Amino acid sequence: MHAPDGFIDAPVSAAAGLLAAGAIAVSLRGARRELDETSRPGAAGAGAERTAPLAGLVAAFIFAVQMLNFPVAAGTSGHLLGGALAAILVGPYTGVLCVSVVLLMQAVLFADGGLTALGVNITTMAITTTLVAYALFRVLVKVLPRTRRSVTAASFVAALVSVPASAVVFTLLFAVGGTTDVSLGKVAGAMVGVHVLIGLGEAVITALTVGAVVAVRPDLVHGARGLRQKLKLRVDGELVDAPDTGAEPAPATARSPRKVWIAGLVTSLVLAGFVSFYASADPDGLEKVAADHGIDKQAEEHTAADSPLADYGVKDVDDARLSGGLAGVIGVGVTVVAGTGVFWAVRRRRTEEEAEATSPTGTSV
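Quick note: the sequence shown uses numbering that gives the first Met the number 0, first residue 0, plus one each step.
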């Protein structure tokens, strides 16, 4: 789904860039609240120092899994977009930032997705998938029973729908600013059709990941907050809600997410450094549609095509397995550091604002 430079003309690419910049600005403010809620004293997994590394880990995990293209049809592959997964794990605002960090690292270091098309890719792969998935997820968890299985099922459906939604948004952008004269109806049908299949893979990956985390640490999953049903008491033969006695204390095993962070990082490194070698080499959905319908005729060479890590390989390393593995490990490391840095800055800014608001010298006059 990474659009290269040249698919969309300059005016629409610029407009998409402005939209993406605005969404990121809004997400920065929203992420401050989400990270603050996660680290609020008395909440499970409390501690501001824990939230930023977890958000950075989500970005690194998405980077790693995006390297694992899976076959979806004859000559076509797909990969995780990650918006649904990020939104459910860390919240929609933080999720937009997670996927945006991944896209930025991929464009700058790995020549994957054009630099002038970065706004287009953030709009389709970060903003659209996150918002569509989280909105649908919230609706589903409200109507389904309040259980862990419901969170997993809602994650599956939300992820499935988010991928063709992203394809629809790309098609709309292409309809306005496409640089090739092709049948819009054929492009729309092909894009949505293949991305429904890719969405199935996205849904499986998202549901398995969310389900695994919810099973061991539901307190770390943004979308699983309030999962526990209220205690019922039988009074005069009728079931009534038990009195609220305050916040439930965190269990001892939930006080530190260190084990989850280490397990997630190791998993990301293994996926990117080893398993990625066995990923499908077929073009992904957008590449296949572009080749079949002539959209790629206007594709431009990437500005970072000579990057030492271009095309997910380390320059001058001849062994393909070693080259790809090293590139994947480097990508995970850079992404987790960049992502954690962004979220540390977000949390620090929130903390400074709260300190100013409560300081006697910080009041307005």
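What the hints contain is simulated information worked out from the structure, not anything from laboratory work. Keep in mind the model is a prediction, meaning the values are calculated, not measured. Please note that a few of the clues may not be correct.
Claimed, not checked - The following label-pair restraints were derived from C-beta to C-beta distances:
1. 336 x 175: 12 to 22 Å
2. 144 x 32: 24 to 34 Å
3. 273 x 211: 17 to 27 Å
4. 340 x 265: 13 to 23 Å
We treat Cβ as the ideally placed atom computed from N, Cα and C, and that holds for glycine.
### Task
Find the hints from earlier in the document that the structure breaks and name them by number, from lowest to highest.
Violated hint: only 1; rest satisfied.
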